[in-house]
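K.L.:
As you go down the protein sequences, you meet chains C and S in turn.
Here my numbering is used: the first residue of the first sequence is 677, the next is one more, and so on.
Here my numbering is used: the first residue of the second sequence is 677, the next is one more, and so on.
Bear in mind the hints are in silico, worked out from the structure with no lab data behind them.
It is possible that part of the hints are untrue.
[Stated by the list, open to error] Chain C regions said to be covered by chain S (calculated; three or more residues, Cβ under 8 angstroms):
(1) 776-786
(2) 826-837
(3) 854-861
(4) 871-882
[Said to hold, decoys possible] Okay, the calculated beta carbon distance ranges per label pair:
(5) S822(S) to D720(C): 40 to 46 angstroms
(6) D863(C) to E914(S): 17 to 23 angstroms
(7) P769(C) to D863(S): 54 to 60 angstroms
(8) G794(C) to V874(S): 34 to 40 angstroms
[Claimed, not checked] No farther apart than 20 angstroms at their CA atoms in a straight line, the calculated lysine to any residue pairs in the SDA-like style are these:
(9) K709(C) to P873(S)
(10) K884(C) to R777(S)
(11) K796(S) to I786(S)
(12) K739(C) to G794(C)
(13) K911(S) to R868(C)
(14) K759(C) to G794(C)
(15) K936(S) to L910(S)
(16) K751(S) to K824(C)
(17) K709(C) to R752(C)
(18) K739(C) to I726(C)
(19) K884(S) to F755(C)
(20) K731(C) to A788(C)
(21) K824(C) to R777(S)
(22) K884(S) to R777(C)
(23) K751(S) to G850(C)
(24) K739(S) to D720(S)
We treat Cβ as the ideally placed atom computed from N, Cα and C, and that holds for glycine.
2 protein chains.
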Amino acid sequence: MSLALIAGQGDVPRMIAEHHKDAGNAPFIIVLKGFESDWVRGFDHEVCGIAEIGKVLSTLRAKGCDTVSFIGNVKRPDFSSLKPDLKGVSLLPKIISAARRGDDALLNSIVAIFESEGFKVIGAHELLDGLTQPAGVLNSVAVSDSEKADIQEAYRIAGAIGELDIGQGAVVCGGLVLAVEAQEGTDEMLRRIARLPVEIRGTEDERKGVLLKRPKPMQDKRVDMPTIGPSTVLKAAEAGLKVIAAVEHAALWVEVEKLKSLADADGLSLVSLRGNGDWP
Amino acid sequence: MSLALIAGQGDVPRMIAEHHKDAGNAPFIIVLKGFESDWVRGFDHEVCGIAEIGKVLSTLRAKGCDTVSFIGNVKRPDFSSLKPDLKGVSLLPKIISAARRGDDALLNSIVAIFESEGFKVIGAHELLDGLTQPAGVLNSVAVSDSEKADIQEAYRIAGAIGELDIGQGAVVCGGLVLAVEAQEGTDEMLRRIARLPVEIRGTEDERKGVLLKRPKPMQDKRVDMPTIGPSTVLKAAEAGLKVIAAVEHAALWVEVEKLKSLADADGLSLVSLRGNGDWP
Chain C
677 MSLALIAGQG DVPRMIAEHH KDAGNAPFII VLKGFESDWV RGFDHEVCGI
727 AEIGKVLSTL RAKGCDTVSF IGNVKRPDFS SLKPDLKGVS LLPKIISAAR
777 RGDDALLNSI VAIFESEGFK VIGAHELLDG LTQPAGVLNS VAVSDSEKAD
827 IQEAYRIAGA IGELDIGQGA VVCGGLVLAV EAQEGTDEML RRIARLPVEI
877 RGTEDERKGV LLKRPKPMQD KRVDMPTIGP STVLKAAEAG LKVIAAVEHA
927 ALWVEVEKLK SLADADGLSL VSLRGNGDWP
Chain S
677 MSLALIAGQG DVPRMIAEHH KDAGNAPFII VLKGFESDWV RGFDHEVCGI
727 AEIGKVLSTL RAKGCDTVSF IGNVKRPDFS SLKPDLKGVS LLPKIISAAR
777 RGDDALLNSI VAIFESEGFK VIGAHELLDG LTQPAGVLNS VAVSDSEKAD
827 IQEAYRIAGA IGELDIGQGA VVCGGLVLAV EAQEGTDEML RRIARLPVEI
877 RGTEDERKGV LLKRPKPMQD KRVDMPTIGP STVLKAAEAG LKVIAAVEHA
927 ALWVEVEKLK SLADADGLSL VSLRGNGDWP
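The shape of chain C in the complex, shown without the other chains (with noise of 0.2 angstroms):
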């Protein structure tokens, strides 16, 4: 294959196209217009904008490029302010109105115009398994009896809002469900954790509490996986919480040594749980 990344904001690109460009396969970048940054240099790499579809297409024949993969987050853009080109124009009532039903029918309209023209398209868990994890406690801090209920709730909780399209991410303590992630992603999500009545959440000095993470029910796993990273777990650590969870292989976790070197320290558990929710 020959691979082209499309590339939001994160540092998930720069690390994929990183470790193909060590293992001799470096990439082709297309760089989504407003997320330009430095790392791309030292790629071929073309500037795009979002709704520039046409331009995207052809770019990525010239250079021969065969498979695409989308990495990293990307705002939802104001489409009346896009300036699409002729193939976008054509393109882009479809994706509005797919984008007027959820993140996830947007993203897959975007899924299946590339796969429409020829391209294969790949999940960010593709290209570099390290980004997931199997089943299990991923560092050296174990999970008591209690945490493993709000696991299981949040896992719940995470599973219905997510069939609503509405987020991936749910924080529960004691039972309680503290916060649901929409629009707002998951570190505002966190910071309003730490804004709640000491009573019915964690402490830095008595941690309580799980964030967990998971795909939508019927999300294509190739776009939009729940990314766990070294923020997360410093906001996770900030609102008292005792654990952050997501399920083997359907996260990315960045930079997972520092994760795990960051949750030791603090007193959180990292825990991936088996692909039908159970405890690994």
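Knowing the structure of chain C, use the given hints to seat chain S on it.
P.N.:
For chain S alone, kept in the frame of chain C given last:
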């Protein structure tokens, strides 16, 4: 009936107490410790700790009260720091176990205790009809078709969230779920809408999106009715929302004349849906 109010925070306890006093039926007030405020001095009252259940019951009996109403928000207490009296000690295990299943189970267990002791428990909406509203657009700002679609979606999402005992409120804008309320409360949820990217929300210049609150489907309407007050309108206005919606006779609209003039001035619509969620 001889009525006692068991009063938490907010304006509703005072409004109801004064309304009944003006009608010549001043209620007896149990003020929960931590929620003392000046207005109760005008009433026969007693301050009781939240776990002094024996004291509450014997005070009510000594005052000849046969009917109680729980009015005003009460934060979930830290059960481990409560100072229960003898009766409280015997009932606390059951209450704590209910509390672990969520707010709704907690409140239902408290209602059941008072009923089993022979008291009639009635809701705030039964004490002051003017607090709830029949179906209709309450003020003079019209609602567009796309806002009506957002209202329907918010009704559906808030219903699903309520079934999971997560919370009562949701914000939807252009079909997208911007936020879902859990333990943080409505004001805090509205505050984070204002911090979302402007591409996906309204602004004070171009309002978009709907806040909808409804009781949880299995909720006892005698406690914890969705409440909409002046701060809800102010925060919704700051968040760029266009509509605040609730369900007929299933929300407390506090100081509704003030709400209407605030909403008119800011260009927000106040909507009371039919009981089945249909447009009025």
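K.L.:
Taking the hints in turn, state whether each one holds.
P.N.:
Each hint, compared with the structure:
no.: 1; hint: 776-786; verdict: holds (count 4)
no.: 2; hint: 826-837; verdict: holds (count 3)
no.: 3; hint: 854-861; verdict: holds (count 6)
no.: 4; hint: 871-882; verdict: holds (count 6)
no.: 5; hint: S822(S) to D720(C): 40 to 46 angstroms; verdict: holds (44 angstroms)
no.: 6; hint: D863(C) to E914(S): 17 to 23 angstroms; verdict: holds (22 angstroms)
no.: 7; hint: P769(C) to D863(S): 54 to 60 angstroms; verdict: violated (38 angstroms)
no.: 8; hint: G794(C) to V874(S): 34 to 40 angstroms; verdict: holds (36 angstroms)
no.: 9; hint: K709(C) to P873(S); verdict: holds (17 angstroms)
no.: 10; hint: K884(C) to R777(S); verdict: holds (16 angstroms)
no.: 11; hint: K796(S) to I786(S); verdict: holds (12 angstroms)
no.: 12; hint: K739(C) to G794(C); verdict: holds (15 angstroms)
no.: 13; hint: K911(S) to R868(C); verdict: holds (17 angstroms)
no.: 14; hint: K759(C) to G794(C); verdict: violated (24 angstroms)
no.: 15; hint: K936(S) to L910(S); verdict: holds (12 angstroms)
no.: 16; hint: K751(S) to K824(C); verdict: violated (26 angstroms)
no.: 17; hint: K709(C) to R752(C); verdict: holds (13 angstroms)
no.: 18; hint: K739(C) to I726(C); verdict: holds (19 angstroms)
no.: 19; hint: K884(S) to F755(C); verdict: holds (15 angstroms)
no.: 20; hint: K731(C) to A788(C); verdict: holds (17 angstroms)
no.: 21; hint: K824(C) to R777(S); verdict: holds (15 angstroms)
no.: 22; hint: K884(S) to R777(C); verdict: holds (17 angstroms)
no.: 23; hint: K751(S) to G850(C); verdict: holds (16 angstroms)
no.: 24; hint: K739(S) to D720(S); verdict: holds (9 angstroms)
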